[in-house]
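Trainee: Going down the list, the sequences are from chains A and B. The numbers in the first sequence follow the working numbering, run straight up by one, and end at 315. The numbers in the second sequence follow the working numbering, run straight up by one, and end at 315.
If you're looking for bench data, these hints aren't it; they were derived computationally from the structure. Be aware that a few hints might be false.
Where chains are identical, the list cannot tell them apart; a pair therefore holds if satisfied intra-copy or between any two copies.
[What the hints assert, rightly or not] Below 35 Å or equal to it, Euclidean Cα-Cα: the simulated DSBU-like pairs (lysine-lysine) are:
| hint | residue 1 | residue 2 |
| --- | --- | --- |
| 1 | 250 | 145 |
| 2 | 310 | 83 |
| 3 | 301 | 157 |
| 4 | 178 | 189 |
| 5 | 157 | 34 |
As the structure is a computational prediction, the values presented were derived from the model and not from experiment.
Number of protein chains: 2
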Amino acid sequence: MNIDGIKVVDATLRDGGLVNDFFFDDDFVRALYKANIEAGVDYMEFGYRASKKQFSTDDFGKWKFTSDEDVLKVIGEKDPRMKLSIMVDVGRTDYLEDIAPRSQSPIDLFRVATYIETIPEAIEMINHISSLGYETTCNIMAISKCTDEQIADALYKLANTSVSAVYIVDSYGALYPKQARKLTRLYHKILSPAGKEVGMHAHNNQQCAFANTLEAKDLGAKWLDGTAFGMGRGAGNCHSEALLAYLNGKKYHLDPLLKLVEEWMIPMKDSGIEWGYNTSYMLTGLTNQHPRTAIAATKTKDMNYTEQFKFLSYQ
Amino acid sequence: MNIDGIKVVDATLRDGGLVNDFFFDDDFVRALYKANIEAGVDYMEFGYRASKKQFSTDDFGKWKFTSDEDVLKVIGEKDPRMKLSIMVDVGRTDYLEDIAPRSQSPIDLFRVATYIETIPEAIEMINHISSLGYETTCNIMAISKCTDEQIADALYKLANTSVSAVYIVDSYGALYPKQARKLTRLYHKILSPAGKEVGMHAHNNQQCAFANTLEAKDLGAKWLDGTAFGMGRGAGNCHSEALLAYLNGKKYHLDPLLKLVEEWMIPMKDSGIEWGYNTSYMLTGLTNQHPRTAIAATKTKDMNYTEQFKFLSYQ
Numbered sequence: 001m002n003i004d005g006i007k008v009v010d011a012t013l014r015d016g017g018l019v020n021d022f023f024f025d026d027d028f029v030r031a032l033y034k035a036n037i038e039a040g041v042d043y044m045e046f047g048y049r050a051s052k053k054q055f056s057t058d059d060f061g062k063w064k065f066t067s068d069e070d071v072l073k074v075i076g077e078k079d080p081r082m083k084l085s086i087m088v089d090v091g092r093t094d095y096l097e098d099i100a101p102r103s104q105s106p107i108d109l110f111r112v113a114t115y116i117e118t119i120p121e122a123i124e125m126i127n128h129i130s131s132l133g134y135e136t137t138c139n140i141m142a143i144s145k146c147t148d149e150q151i152a153d154a155l156y157k158l159a160n161t162s163v164s165a166v167y168i169v170d171s172y173g174a175l176y177p178k179q180a181r182k183l184t185r186l187y188h189k190i191l192s193p194a195g196k197e198v199g200m201h202a203h204n205n206q207q208c209a210f211a212n213t214l215e216a217k218d219l220g221a222k223w224l225d226g227t228a229f230g231m232g233r234g235a236g237n238c239h240s241e242a243l244l245a246y247l248n249g250k251k252y253h254l255d256p257l258l259k260l261v262e263e264w265m266i267p268m269k270d271s272g273i274e275w276g277y278n279t280s281y282m283l284t285g286l287t288n289q290h291p292r293t294a295i296a297a298t299k300t301k302d303m304n305y306t307e308q309f310k311f312l313s314y315q
Numbered sequence: 001m002n003i004d005g006i007k008v009v010d011a012t013l014r015d016g017g018l019v020n021d022f023f024f025d026d027d028f029v030r031a032l033y034k035a036n037i038e039a040g041v042d043y044m045e046f047g048y049r050a051s052k053k054q055f056s057t058d059d060f061g062k063w064k065f066t067s068d069e070d071v072l073k074v075i076g077e078k079d080p081r082m083k084l085s086i087m088v089d090v091g092r093t094d095y096l097e098d099i100a101p102r103s104q105s106p107i108d109l110f111r112v113a114t115y116i117e118t119i120p121e122a123i124e125m126i127n128h129i130s131s132l133g134y135e136t137t138c139n140i141m142a143i144s145k146c147t148d149e150q151i152a153d154a155l156y157k158l159a160n161t162s163v164s165a166v167y168i169v170d171s172y173g174a175l176y177p178k179q180a181r182k183l184t185r186l187y188h189k190i191l192s193p194a195g196k197e198v199g200m201h202a203h204n205n206q207q208c209a210f211a212n213t214l215e216a217k218d219l220g221a222k223w224l225d226g227t228a229f230g231m232g233r234g235a236g237n238c239h240s241e242a243l244l245a246y247l248n249g250k251k252y253h254l255d256p257l258l259k260l261v262e263e264w265m266i267p268m269k270d271s272g273i274e275w276g277y278n279t280s281y282m283l284t285g286l287t288n289q290h291p292r293t294a295i296a297a298t299k300t301k302d303m304n305y306t307e308q309f310k311f312l313s314y315q
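Whenever a hint applies, use it, and build me the whole structure from the sequences.
Mentor: Printed below as a string of structure tokens:
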């Protein structure tokens, strides 16, 4: 299998943090870090660097506000085999004050998450963060809500920045494989001439997260996100272990992730932290909507799916 | 969306029967029948017609041996909006004695399930059953284990029979979308000139059942199998409700299936009948093997996935 230039990005702490408010046990973070390194994962994302002016540290665990010190305290010395990433959301981070020059930080990559409407702000962030020496990607969320024209416009703008890659982020789990292919082609057409790569961050609302990730890969997407056991908002993400199973060979290794699933992810799920496919998520994916109503339905064990569908159909 | 000539086949009683030994409540069967009709499902499969000489009626419920009378007793008068199907396995049915002429039966379609090695026997069955007036399909199981040459040879033979369609049966849930596409193209190339159609029966070991079904559909497969809430052996099947959600419109309707999931399928799962994706099934799918070891591991809650992977890798 051709894995040239592939970067597997583990987003467990970041997307998974959305279901446990970023309260992860330090031992788990260390186990995940170790498993990712042994598995050959290229980047591990240590949550968000959100603004402490906007969000309370009483409400959220440290991986919502991840400082360089938090990372180093948990991992000890940085292992050179894997790069480290943090996500910053447009409008929710004090990036001008809270990011040190790269030479003083264990972080390699900042991923700038944005909706299509705030691409100009995202580009300002990208410019600033790259000027500090970091790699950057731009992660365009809710991509299934954007028109091709909006996307093309955003990509042309991003092609002129220092980003390494732009991501297709299927926040609503609305994409089918053929749409994942269409978007990958569109991204490539605009980004490749500028030397930028394409990334895929999939959600599993319609059980297409893994399939969509493979489809993007086959069409040349190089940045592939996964989370351990699919842990992530709502229906969750592409399972890292499925992705590593597919890529398993010389560079990538499945075993460390299998062990992590057994020892940490299943106990975590059994303890009551909820994520993963159900019919409510299928319906928000189908109707191309934010999973919030499905998250609420899942929490209250509301299984009146016909009512949910009716409600979503009139949104 | 183009749904010309699509046939949605509900295989819940048949593939689902593999996880509860075909002991379905009559009330459930009636609810499923009603839901399928209202949803616009084209065929409902009423289990197998297995040989009572080979299998004991003490060990299995009636839908393993489905007689015409069993069907009529449960559904009452046959609704003309939906056709009825039964599956017969090569070597496991007394088809010469146990099938009445179509004019005396509520059944429209017999699906002949076979491994690639027993295609000649399957063709004998197909010939006999069509001579009784029934529609037939040939369902080639464990297709992921067959070479392209074996498949082409089988398809050329089947092209000269009276079958309406030949199925890609991904018994091991081993196919990725691109393989589903490749097989659909190969099937088409050989079958279309003979006026035969292509079917897809997918398993969810690697969470690709729905995606693979869509891929086959987009390349012209007309016979699409689903089961309510994915009920079926091991990791289960393409969820009918996901398929109907995708096709939802003038002909197909999602609501009746949503209601069935809520009122019957979730309680059935909660009662302890097990099916659906887990990491053990991912590993048998990945290694292209029969799910039996994963079924055993699931039953005993064995989550030593690294050991399972090691065992499967040396098979």
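Trainee: Each hint needs a verdict: does it hold in this structure or not?
Mentor: Now the hints, each set against the structure:
no. : hint      : verdict
1   : 250 / 145 : between (38 Å within a copy, 24 Å between copies)
2   : 310 / 83  : between (45 Å within a copy, 29 Å between copies)
3   : 301 / 157 : neither (44 Å within a copy, 52 Å between copies)
4   : 178 / 189 : both (17 Å within a copy, 22 Å between copies)
5   : 157 / 34  : neither (37 Å within a copy, 54 Å between copies)
Hints 3, 5, counting from the list given before, are not met by this structure.
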